[in-house]
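Those sequence lines, one after another, are chains A and B.
Every letter in the first sequence is one number past the one before it in this note's numbering, and letter 118, counting from 1, is 118.
Every letter in the second sequence is one number past the one before it in this note's numbering, and letter 219, counting from 1, is 219.
A couple of the hints might just be wrong.
Unchecked claim - Below, a list of computed lysine to any residue pairs in the SDA-like style, where the Cα atoms sit at most 20 Å apart:
#1 B:LYS548 - B:LYS516
#2 A:LYS28 - B:LYS590
#3 B:LYS315 - A:ASP29
#4 A:LYS26 - B:LYS390
#5 A:LYS166 - B:CYS589
#6 B:LYS130 - B:LYS315
#7 B:LYS71 - A:GLN146
#8 A:LYS102 - B:ASP20
#9 B:LYS390 - A:GLY99
#10 B:LYS590 - A:LYS26
#11 B:LYS316 - A:LYS166
#12 B:LYS466 - B:LEU512
#13 A:LYS102 - B:GLU448
#14 A:LYS28 - B:SER6
#15 B:LYS466 - B:ASP434
#16 A:LYS102 - B:GLN245
#17 B:LYS588 - A:GLU105
#18 B:LYS588 - A:SER158
As the list claims (entries may be wrong) - Now the stretches of chain B that chain A is said to cover, found in silico as 3 or more residues with beta-carbon under 8 Å:
#19 143–149
#20 555–564
Stated by the list, open to error - Among the chain B residues that face chain A by a calculated CB cut under 10 Å, a handful are:
#21 ILE60
#22 TYR61
#23 PRO62
#24 GLY201
#25 ASP205
#26 HIS297
#27 VAL310
#28 TRP339
#29 PHE445
#30 PRO568
Rather than coming from a laboratory, the hints here were simulated on the basis of the structure.
Using N, Cα and C, we set each Cβ at its ideal position, and we do this for glycine too.
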Amino acid sequence: MSCNCKSSTLETKDPRFQQLDEIIEKYKDQSGALSPVLHEAQNVFVYLPESVQIYIAEGLNVPLSEVYGVVTFYSLFSTEPRGKYVINVCLGTACYVKGSGKIMERLKKELGVEIGGTTEDGLFTLKGCRCLGACGLAPVLTINEQVHGRLTEDDVPSLVRLYRAKEEQSVN
Amino acid sequence: MEIYRSHVLVCAGTGCTSSDSLEVRDELNKELNRLNLDKEVKVVEVGCFGFCNLGPNIVIYPEGTFYCRVKPQDVKELVEEHLLKGRIVNRLLYNEPETEVKVKDFDNIEFFSHQKRVALRNCGLINPEKIEEYIAHEGYFALAKALKEMTREEVIEVVKKSGLRGRGGGGFPTGLKWQFAYNTPGEVKYVVCNADEGDPGAFMDRSILEGDPHSVIEAMAIAGYAIGAQQGYIYVRAEYPIAVQRLGIAINQAREYGLLGKNILGTDFNFDLDIRLGAGAFVCGEETALLTSIEGHRGEPRPRPPFPAVEGLWKKPTLINNVETYANIPAIILKGPEWFSSIGTEKSKGTKVFALAGKINNTGLIEVPMGTTLRTIIYEIGGGIPHGKKFKAAQTGGPSGGCIPAHLIDTEIDYDNLIALGSMMGSGGLIVMDETDCMVDIAKFFLEFTQEESCGKCPPCRIGTKRMLEILERITEGKGTPEDLENLEVLANTIKNASLCGLGQTAPNPVLNTLKYFRDEYEAHIFDKKCPAGVCQALLTYVIIAEKCKGCGLCARVCPTAAISGKPKEPYVIDPEKCIKCGTCIEKCKFGSIEKK
Ligand SMILES: Cc1cc2nc3c(=O)[nH]c(=O)nc-3n(C[C@H](O)[C@H](O)[C@H](O)COP(=O)(O)O)c2cc1C
Ligand code: FES
Chain A
1 MSCNCKSSTL ETKDPRFQQL DEIIEKYKDQ SGALSPVLHE AQNVFVYLPE
51 SVQIYIAEGL NVPLSEVYGV VTFYSLFSTE PRGKYVINVC LGTACYVKGS
101 GKIMERLKKE LGVEIGGTTE DGLFTLKGCR CLGACGLAPV LTINEQVHGR
151 LTEDDVPSLV RLYRAKEEQS VN
Chain B
1 MEIYRSHVLV CAGTGCTSSD SLEVRDELNK ELNRLNLDKE VKVVEVGCFG
51 FCNLGPNIVI YPEGTFYCRV KPQDVKELVE EHLLKGRIVN RLLYNEPETE
101 VKVKDFDNIE FFSHQKRVAL RNCGLINPEK IEEYIAHEGY FALAKALKEM
151 TREEVIEVVK KSGLRGRGGG GFPTGLKWQF AYNTPGEVKY VVCNADEGDP
201 GAFMDRSILE GDPHSVIEAM AIAGYAIGAQ QGYIYVRAEY PIAVQRLGIA
251 INQAREYGLL GKNILGTDFN FDLDIRLGAG AFVCGEETAL LTSIEGHRGE
301 PRPRPPFPAV EGLWKKPTLI NNVETYANIP AIILKGPEWF SSIGTEKSKG
351 TKVFALAGKI NNTGLIEVPM GTTLRTIIYE IGGGIPHGKK FKAAQTGGPS
401 GGCIPAHLID TEIDYDNLIA LGSMMGSGGL IVMDETDCMV DIAKFFLEFT
451 QEESCGKCPP CRIGTKRMLE ILERITEGKG TPEDLENLEV LANTIKNASL
501 CGLGQTAPNP VLNTLKYFRD EYEAHIFDKK CPAGVCQALL TYVIIAEKCK
551 GCGLCARVCP TAAISGKPKE PYVIDPEKCI KCGTCIEKCK FGSIEKK
């Protein structure tokens with residue numbers, strides 16, 4: 001590849017790329033390193049923009065097409081920026097029969113976004129997923145790693161308010 | 001070791017932590033400190049008891065008293081009454097739903113009394129983050145026995161004789177699989193644990209990993225010894241953060257104790273484990289796709305044969321089993337194959353863990369002997385269907401399975417009986433549906449799932465499921481034609497025969513199975529343009545039952561399209577032209593006077 005990504009100013013200034021160097025170093029000599037590196041890189045960068053994918057491809061010495069192929073195959077890897085809180089509504093069978101569709105609809109209305117969208121303030125991204133393994137509490141959603149279960153449609157506004165309030169507190 | 005007069009077991013599984021069980025634990029510790037009981041009573045975090053719906057759950061030993069839905073503000077009373085004065089706190093006991101009787105002993109609750117715990121033997125009993133507690137419950141005894149008293153061949157023989165079959169869905173005899181991996185010559189072999197648990201509605205593996213991670217680690221080491229492998233991988237879904245964390249802790253502890261690593265227990269056997277995370281692709285639960293994923297590629301399946309036991313991870317012989325399959329192994333080695341095969345039916349030995357969910361009173365995790373009837377599971381363990389509704393069907397086998405209809409409720413559940421009904425055991429999700437669930441809609445739901453999760457490598461699965469889904473969408477929108485049913489069947493059989501991996505080969509099952517048992521429902525959608533269960537929006541009309549309507553006008557106020565009109569204190573009416581069938585009015589009506597027909 002002819003681009004000089006490593007020496008570009010963006011990446012030398014951004015301390016997250018140093019972290020990425022460490023991650024690449026940790027896994028470089030293992031077989032099957034790509035996927036753990038992507039997981040950890042996403043934890044650092046929140047998502048996997050092209051610059052990060054190129055950096056990883058060079059660091060692990062694998063074709064960029066391979067990196068891109070893997071990133072786009074798995075739904076947990078994201079190439080788009082995400083909100084601070086990712087709301088994942090379970091649309092698995094148990095949750096479906098207990099009405100998770102209505103909860104999704106209500107969230108769309110409450111946040112004013114479609115599935116996959118992020119609110120304008122960058123706070124929430126709304127996603128759907130298939131079974132979080134908390135089916136005993138259906139219907140279920142997670143906000144980042146926190147599980148919220150036994151929900152009704154009417155719990156949605158207060159849940160959103162709860163996280164908005166949290167955010168205001170942390171700002172003040 | 002310190003001796004305590006009482007132990008308070010607090011569930012720290014995913015279900016109960018999301019209902020704040022960790023706050024309850026903190027509050028317990030605070031109260032015990034305040035009353036100077038902290039030297040007499042010990043609070044222990046344990047894995048899932050299975051009764052997730054009632055969380056947070058706690059059990060107080062030695063009495064074995066089960067308290068449910070315990071909130072942090074209940075703790076003070078609980079400590080003062082039960083732990084200080086020895087008086088049961090009645091209001092926090094469990095209520096049997098059928099009889100309304102309060103039950104205090106763990107073992108007398110119907111939910112637990114029909115169960116037999118083998119794979120879940122330690123879940124809810126020990127602290128999963130302490131290897132000492134696992135060892136105190138005979139943990140790693142089976143590994144010691146295998147390494148010191150048994151040859152590799154003897155270990156395989158015991159697993160074969162036990163009759164254990166794979167719990168990941170297929171039901172392949174585990175001992176035979178071990179034998180194949182053993183037979184393939186090779187310096188380097190691998191042992192892999194499939195903890196991808198992709199079937200929606202299933203959380204057995206999650207609970208085992210969260211509640212008893214060492215049982216899986218121990219079994220994988222035994223498998224490594226038997227087939228001649230030195231390295232193992234556990235492939236866990238990233239959606240299970242608590243399981244991943246506890247597995248990590250457990251692996252480190254096992255290394256510290258010399259139970260993983262070099263020269264295990266002073267023998268010349270070396271074995272170590274690493275965790276690999278899934279990244280949200282259902283097809284990666286399929287074994288060849290899983291191996292491709294561990295190798296760091298797109299998780300696409302490969303044709304079999306060659307089977308993984310011959311050519312698996314990095315082309316080396318690889319043994320791959322499911323979490324629950326492994327969790328049975330230490331018990332089999334310790335108690336013997338005869339003990340294990342005395343449980344269950346002729347061709348399905350041992351127990352099976354099921355995740356009970358959907359329209360059932362007691363949702364949660366249960367383990368029962370193979371051959372238990374669906375009736376026992378639903379009415380005795382599960383406590384029946386809520387709100388007096390009628391039982392319609394139980395879905396098993398996830399997107400590869402089907403629905404067992406109400407008239408077959410006395411079916412004894414094992415691998416072969418379920419296959420005979422056109423469903424399958426799957427990994428153990430059991431989702432109960434009542435009269436308000438539409439079977440055409442459920443079939444559509446599963447096809448949407450497989451359509452989305454198809455990796456796209458082979459056309460029958462990629463395109464065929466799409467065409468089937470389109471037909472189902474038409475039917476649920478009231479645009480179905482009589483030929484549709486036949487077309488569905490033709491497509492289904494082609495996809496089954498021509499797909500590359502299990503995902504495509506089983507994707508049509510939910511359709512074929514519901515066509516077999518609920519054909520009248522399909523026909524009602526196509527010919528009468530009606531959805532008997534009242535689910536498919538396009539086929540419903542909303543009406544106000546004049547006799548029941550009190551004329552309060554609430555429905556008219558909440559209707560987003562102003563389709564409802566009327567005068568106060570007189571029955572209101574809905575204009576079907578304006579009605580968008582959103583259902584808001586039904587939810588708000590306090591008198592149940594609005595119906596979907
Ligand atoms: C589409 C598909 C998804 C699967 N998902 C899982 C899964 O999530 N967990 C699992 O243990 N097995 C799953 N399997 C079965 C595995 O391919 C494999 O049979 C199993 O891991 C073998 O372990 P066992 O013999 O112990 O059951 C799946 C199979 C298919 C075709
Ligand atoms: S189906 Fe929603 S958590 Fe399992």
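These are the hints, each one checked on the structure:
For a cut-off of 20 Å, the pair hint linking LYS548 of chain B to LYS516 of chain B is broken: about 38 Å separates their Cα positions. Under the criterion of a C-alpha separation no larger than 20 Å, the hint pairing LYS28 of chain A with LYS590 of chain B is inconsistent with the structure, at around 64 Å. For the proposed pair LYS315 of chain B and ASP29 of chain A, the alpha carbon gap of about 19 Å is at most 20 Å, so the pair holds. Annotation: proposed proximity of LYS26 of chain A to LYS390 of chain B is violated, straight-line Cα distance about 57 Å (limit 20 Å).
With a C-alpha separation of about 35 Å, the suggested pairing of LYS166 of chain A with CYS589 of chain B is violated against the 20 Å cut-off. Restraint check for LYS130 of chain B and LYS315 of chain B: the C-alpha separation of about 36 Å exceeds 20 Å, so the hint is violated. Between the alpha carbons of LYS71 of chain B and GLN146 of chain A the distance comes to roughly 18 Å, so the proposed pair stays at or under 20 Å and holds. For the proposed pair LYS102 of chain A and ASP20 of chain B, the alpha carbon gap of about 25 Å is over 20 Å, so the pair is violated.
Proposed proximity of LYS390 of chain B and GLY99 of chain A is supported: the alpha carbons are some 18 Å apart, at most 20 Å. Proximity of LYS590 of chain B to LYS26 of chain A is assessed by CA-CA distance (about 62 Å); at most 20 Å being required, the pair is judged violated. With a C-alpha separation of about 51 Å, the suggested pairing of LYS316 of chain B with LYS166 of chain A is violated against the 20 Å cut-off. For the given pair, LYS466 of chain B sits about 16 Å from LEU512 of chain B by alpha-carbon distance, which is consistent with the 20 Å threshold.
For the suggested pair LYS102 of chain A and GLU448 of chain B, the alpha carbons sit about 17 Å apart, so the restraint of at most 20 Å is met. Annotation: proposed proximity of LYS28 of chain A to SER6 of chain B is violated, straight-line Cα distance about 50 Å (limit 20 Å). Taking the CA atoms of LYS466 of chain B and ASP434 of chain B, the gap is about 28 Å. The hint is violated against a cut of 20 Å. Pair hint LYS102 of chain A plus GLN245 of chain B does not hold up; C-alpha atoms about 33 Å apart against a cutoff of 20 Å.
For a cut-off of 20 Å, the pair hint linking LYS588 of chain B to GLU105 of chain A stands: about 17 Å separates their Cα positions. Of the supplied pair hints, the one linking LYS588 of chain B and SER158 of chain A holds, its CA atoms being roughly 19 Å apart against a limit of 20 Å. Coverage of a stretch by a chain is defined here by at least three residues with a beta carbon nearer than 8 Å to that chain's beta carbons; for the segment 143–149 of chain B and chain A the count is 0, and the condition is violated. Given as covered by chain A, the segment 555–564 of chain B fails the check, having 0 residues with a CB less than 8 Å from a CB of that chain where 3 are the minimum.
Interface restraint check: ILE60 of chain B against chain A, minimum CB-CB distance 22 Å, threshold 10 Å, status violated. The restraint placing TYR61 of chain B at the interface with chain A is violated, with a minimum CB-CB distance near 23 Å, outside the 10 Å limit. Residue-level restraint check for PRO62 of chain B is violated (minimum Cβ-Cβ distance to chain A is 28 Å; threshold 10 Å). Because the beta carbon of GLY201 of chain B sits about 4 Å from the nearest beta carbon in chain A, less than 10 Å, this interface hint is met.
With a least beta-carbon distance of about 8 Å to chain A, the hint placing ASP205 of chain B at the interface is held under the 10 Å criterion. The interface hint given for HIS297 of chain B holds, since its Cβ lies 7 Å from the closest Cβ of chain A, which is under the 10 Å cut-off. Look at VAL310 of chain B: its Cβ only gets to about 20 Å from chain A, farther than 10 Å, so that hint breaks. The closest approach between the C-beta of TRP339 of chain B and any C-beta of chain A is roughly 30 Å, which is over the 10 Å cut-off, so the hint fails.
Interface restraint check for PHE445 of chain B: the shortest CB-CB distance to chain A comes to about 6 Å, inside 10 Å, so the restraint holds. With 10 Å as the threshold, the beta carbon of PRO568 of chain B stays out of range of chain A, its nearest partner Cβ sitting at about 26 Å, so the hint is violated.
In this structure, the hints that do not hold are numbers 1, 2, 4, 5, 6, 8, 10, 11, 14, 15, 16, 19, 20, 21, 22, 23, 27, 28 and 30, in rising order.
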